[in-house]
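Engineer: So the protein sequences, as listed, match chains A and B. So the first sequence is residues 1416 to 1749, counted in the numbering used here. So the second sequence is residues 1416 to 1749, counted in the numbering used here.
Any given hint could turn out to be false.
What the hints assert, rightly or not - Subject to a maximum C-alpha distance of 25 Å in a straight line, what follows is the list of computed SDA-like cross-link-like pairs (lysine to any residue):
hint: 1; chain 1: A; residue 1: K1604; chain 2: B; residue 2: K1441
hint: 2; chain 1: A; residue 1: K1604; chain 2: B; residue 2: E1627
hint: 3; chain 1: B; residue 1: K1604; chain 2: A; residue 2: K1441
hint: 4; chain 1: A; residue 1: K1604; chain 2: B; residue 2: G1595
hint: 5; chain 1: B; residue 1: K1604; chain 2: A; residue 2: G1633
hint: 6; chain 1: A; residue 1: K1441; chain 2: A; residue 2: N1419
hint: 7; chain 1: A; residue 1: K1490; chain 2: B; residue 2: G1629
hint: 8; chain 1: B; residue 1: K1441; chain 2: A; residue 2: F1571
What the hints contain is simulated information worked out from the structure, not anything from laboratory work.
Number of protein chains: 2
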Amino acid sequence: MMNNMSTEELDDIYTFAVDLGKQAGKMLMEAAQLRISGSCPAPERDHVQKENAVDLVTETDENVEAFIRSQIANKYPSHKFVGEESYSKGSSREYLIDASPTWCVDPLDGTVSYIHLFPMFCVSIAFIHNHKPLIGIIYAPFSNHFFSSCAGRGAFFNETQRLPLVRNPIPPMPENAPSGCIFSCEWGKDRRDTPDGNLTRKIESFVNMAAEVGGRSGRGGMVHGVRSLGSATLDLAYVAMGAFDIWWEGGCWEWDVAAGIAILSEAGGLVTTANPPEDYAHAPIEDVRLGSRLYLAIRPAGTSPTETGREGQERTVREVWRRVRNLDYSRPGA
Amino acid sequence: MMNNMSTEELDDIYTFAVDLGKQAGKMLMEAAQLRISGSCPAPERDHVQKENAVDLVTETDENVEAFIRSQIANKYPSHKFVGEESYSKGSSREYLIDASPTWCVDPLDGTVSYIHLFPMFCVSIAFIHNHKPLIGIIYAPFSNHFFSSCAGRGAFFNETQRLPLVRNPIPPMPENAPSGCIFSCEWGKDRRDTPDGNLTRKIESFVNMAAEVGGRSGRGGMVHGVRSLGSATLDLAYVAMGAFDIWWEGGCWEWDVAAGIAILSEAGGLVTTANPPEDYAHAPIEDVRLGSRLYLAIRPAGTSPTETGREGQERTVREVWRRVRNLDYSRPGA
């Protein structure tokens, strides 16, 4: 097992990962085109007739994961692999990533969007070593949005434009954040109508962020806009781009966020926990734990006349924490 | 003034509108690239330094509208023009569209997204005659999504793929709609924290649509996903595509929806009012009034063994009406 990785090794892995992401995205798009043209060969043709194309999509999901996994096994037989599909089939929900070189892959994020052929779906590939996501690849082939990063080499949109997009200079966080910010959030799958359950807590948090300043007993954040795309991975990519200022979410797994965290970190963003500590105004702002299932991301920020970029990000974290509720997501052994 | 329009005339106008949309989208993207590169010439350069690029965007918005308006005036001097920017500057909020040939234009929809350079912004151009939106053009240049339609000639994605995308056959509405549906909705600008105000009513409606079946006193709709893009125009385009099943919104103006309604209608969708009639289970489902500011759109639907596409759409309209609140948007003279 490698403890340190040379520049050449990492470069080699990055080149491989970029190519792998492109091929996997192409597979997703080809399968989508088959559904569009209605020309799937039997037996898949039957699936197309169904009300929604869930089974066909599951098949694509598994095929793409198997492809990615075998490509990695061929090229880097000593590396570990954690994939959404293979993980889901196991019985354990424990966090399996240790210090060894590990690939953490979601072959298809935004599955619901993919089923309905809404363009916000993607493949997500991260390479992690010593617990740090070093390489991130996110490819949304329908819109041809390709995000990539490698630790120390920068984060990029479509391989040519550095992230964040606006960087001459990088805008500071708005003075009255979350006012002036685009807030990205997801409704997720847990829709149980339980008193004070996750759905209720999420909605209360969303409304606090959105309501006029002064509203909601002083919690109103009057964000500039609220967006929900249905893909944690793409949410993080657009935070790295600088398009979304704040992303707050609970319930994802490591393959939903590893590539996005790699890209956002390399672009200069901050990722910490979604759940506000008791002393939210003063508690230390710690780096997110990849397996925590609770995420708050802030975009890359430049300095202003009164604070550094990091200070602006931390101020924004505390303003979000002041407005959101604790979410209840856990996992075995965590 | 023309009372009837020949096929040749309409073809000519369509060709002109497609080209106009492409040019306008290119202008939006070029202005975005200037902000990205930080290479705006003075005096715009000052704007770039600002926390958000609101002034610069307003300038782009006005420039693009002026361009569209002058191109139309040159080619069709007898046609009327209703544009978002010129309308906003006037004092009247009355509905100005009559039976004459009229262009209804939003040079930039998704303004907040454009300010933050989130890709979901677009130009939206509709041609209306005898109160009917006959031609619609929507172009989101960042993702290169181009939607167009002409009455009787079909609706298209990127000029080659007919809408809805899946059409062999077009899927019927899900049996238990809104379950199985992607629900598109927007938080909008009215964030007043008023008891039973629009924000409260919207959120209550969103939560009803999202919550588990059986939840919310039997109103839970358990939609498959909830999406918010920040652009009414693009929401309608994705409904026409078949990607979104339901879009429900209040507060837009005619330039936000005219092109989307043209494209969606031509693709086979249904558009009616957002506000449920008292007898929502039996009231006639009327075509939307363009200036009503209240919109409920359902995607194109195919027949199932038990109902026609239209029947499935109407069933879905009633299921939405059962779960949503009346919104309070009005206008002078309406």
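Engineer: Would you mind marking each hint as holding or not holding in the structure?
Structural biologist: Results for each hint:
1. A:K1604 <-> B:K1441: 38 Å, violated
2. A:K1604 <-> B:E1627: 10 Å, holds
3. B:K1604 <-> A:K1441: 38 Å, violated
4. A:K1604 <-> B:G1595: The given pair, whose Cα atoms are some 13 Å apart, holds under the 25 Å limit.
5. B:K1604 <-> A:G1633: Holds: K1604 of chain B and G1633 of chain A sit about 19 Å apart, inside 25 Å.
6. A:K1441 <-> A:N1419: Violated - the C-alpha atoms of N1419 of chain A and K1441 of chain A are around 33 Å apart, more than 25 Å.
7. A:K1490 <-> B:G1629: Violated, at roughly 50 Å.
8. B:K1441 <-> A:F1571: Cα-Cα ~23 Å, so holds.
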